[in-house]
Amino acid sequence: MSRALAVFHGRFGRATVYQLNRPFNVHAHREGHLIFHVGGTPAQIDVCAHRHLLTGDSVVTVNPWEPHNFLPTDMANGAIFFVLYVNHEWFAPDTANSQNLRFGRTHFKRTDALEKHIRRTAALVCGAPSLRSLDCELRQLIDSCYEESWRQPEAVQEARAAAAITDFRVRKSIKLMSESPGAEIELDSIARESGLSRPHFYRLFRTQTGVTPHLYLNTLIMEQALDALVATETPIADISSDLGFTSQSGFTRFFAANVGMAPTDYRRAAKVLHP
Numbered sequence: 031m032s033r034a035l036a037v038f039h040g041r042f043g044r045a046t047v048y049q050l051n052r053p054f055n056v057h058a059h060r061e062g063h064l065i066f067h068v069g070g071t072p073a074q075i076d077v078c079a080h081r082h083l084l085t086g087d088s089v090v091t092v093n094p095w096e097p098h099n100f101l102p103t104d105m106a107n108g109a110i111f112f113v114l115y116v117n118h119e120w121f122a123p124d125t126a127n128s129q130n131l132r133f134g135r136t137h138f139k140r141t142d143a144l145e146k147h148i149r150r151t152a153a154l155v156c157g158a159p160s161l162r163s164l165d166c167e168l169r170q171l172i173d174s175c176y177e178e179s180w181r182q183p184e185a186v187q188e189a190r191a192a193a194a195i196t197d198f199r200v201r202k203s204i205k206l207m208s209e210s211p212g213a214e215i216e217l218d219s220i221a222r223e224s225g226l227s228r229p230h231f232y233r234l235f236r237t238q239t240g241v242t243p244h245l246y247l248n249t250l251i252m253e254q255a256l257d258a259l260v261a262t263e264t265p266i267a268d269i270s271s272d273l274g275f276t277s278q279s280g281f282t283r284f285f286a287a288n289v290g291m292a293p294t295d296y297r298r299a300a301k302v303l304h305p
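Residue numbers for the sequence shown follow the numbering used here, so the first one is 31 and each next one is one higher.
Treat the hints as calculated values from the structure; they're not laboratory data.
Any given hint could be a false lead.
What the hints assert, rightly or not - With beta-carbon atoms standing in for the labels, derived distance ranges:
| no. | residue 1 | residue 2 | range |
| --- | --- | --- | --- |
| 1 | E209 | A287 | 18 to 28 Å |
| 2 | Q170 | L83 | 19 to 29 Å |
| 3 | T141 | E209 | 24 to 34 Å |
| 4 | I110 | V302 | 46 to 56 Å |
| 5 | R283 | M105 | 10 to 20 Å |
| 6 | R228 | G157 | 18 to 28 Å |
As the list claims (entries may be wrong) - With a cut-off of at most 25 Å between alpha-carbon atoms, the simulated DMTMM-like pairs for lysine to aspartate or glutamate come out as follows:
| no. | residue 1 | residue 2 |
| --- | --- | --- |
| 7 | K205 | E167 |
| 8 | K139 | D197 |
| 9 | K301 | E167 |
Please read these numbers as outputs of a predicted model, since none were measured by experiment.
Glycine residues also receive a C-beta, built at the ideal position from the N, C-alpha and C atoms.
Turn these sequences into a full structure, and let the hints steer you where they fit.
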């Protein structure tokens with residue numbers, strides 16, 4: 031059974047250590063994403079439809095809004111992964127553009143220095159550090175991974191410069207989804223309110239954002255769910271209802287498909303790091 035060994039939320043984003051043995055649905059994050067294998071069998075990570083083997087000597091990065099999923103190779107015991115979700119506002123505080131947090135390569139080898147840094151930071155996360163110590167350690171690790179992702183000249187750079195969302199109808203649809211994201215939202219209605227037919231809406235949205243409307247909406251719902259689980263004591267049944275799910279079991283299935291574990295398990299492990 032997949033489970034969270036340590037989860038910390040802070041202004042940097044999220045720092046987590048997971049034991050995972052179940053596949054995820056294809057999903058995306060507003061944050062940048064760093065995935066490190068720290069124990070057990072390797073796993074496969076699909077990023078933008080390209081498959082990468084994640085082992086103890088490699089790193090997988092995911093840029094903001096890139097579709098990805100996780101495929102374990104050991105469904106019985108799983109493996110342990112140190113996973114970072116990086117807020118672009120923390121990474122580049124002088125700009126509101128998430129495209130400033132874009133890694134040069136999706137998959138690269140760890141150097142010896144990077145390996146030591148990964149292990150040390152993962153141990154800090156599991157050891158429940160103060161915000162000050164973890165924030166500093168994470169800044170150094172993220173900067174090192176960012177630089178290493180652009181440093182290795184033997185491979186073709188994989189980062190894609192995402193186009194700005196220029197179409198006013200797509201911007202309107204995002205505004206409508208963001209105002210009150212929930213499972214009850216009908217994307218066909220969003221399309222009509224944005225002045226687009228359903229097929230045109232789906233094609234244009236994906237062209238402008240790089241993801242489908244459905245995946246974008248799921249990301250917004252997950253953000254609301256994580257905030258409610260970690261920052262409040264609201265019962266999970268109420269969170270489920272507030273997010274438009276017709277049953278708590280439906281919300282639990284949705285959450286597990288995107289995070290790898292039940293919301294109760296995530297809440298039990300999660301802590302908010304305050305200065």
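- Could you check the structure against the hints above and give me the numbers of any it violates, in ascending order? As far as the earlier hints go, 3, 4, 6, 7, 8 are violated by this structure, in ascending order.
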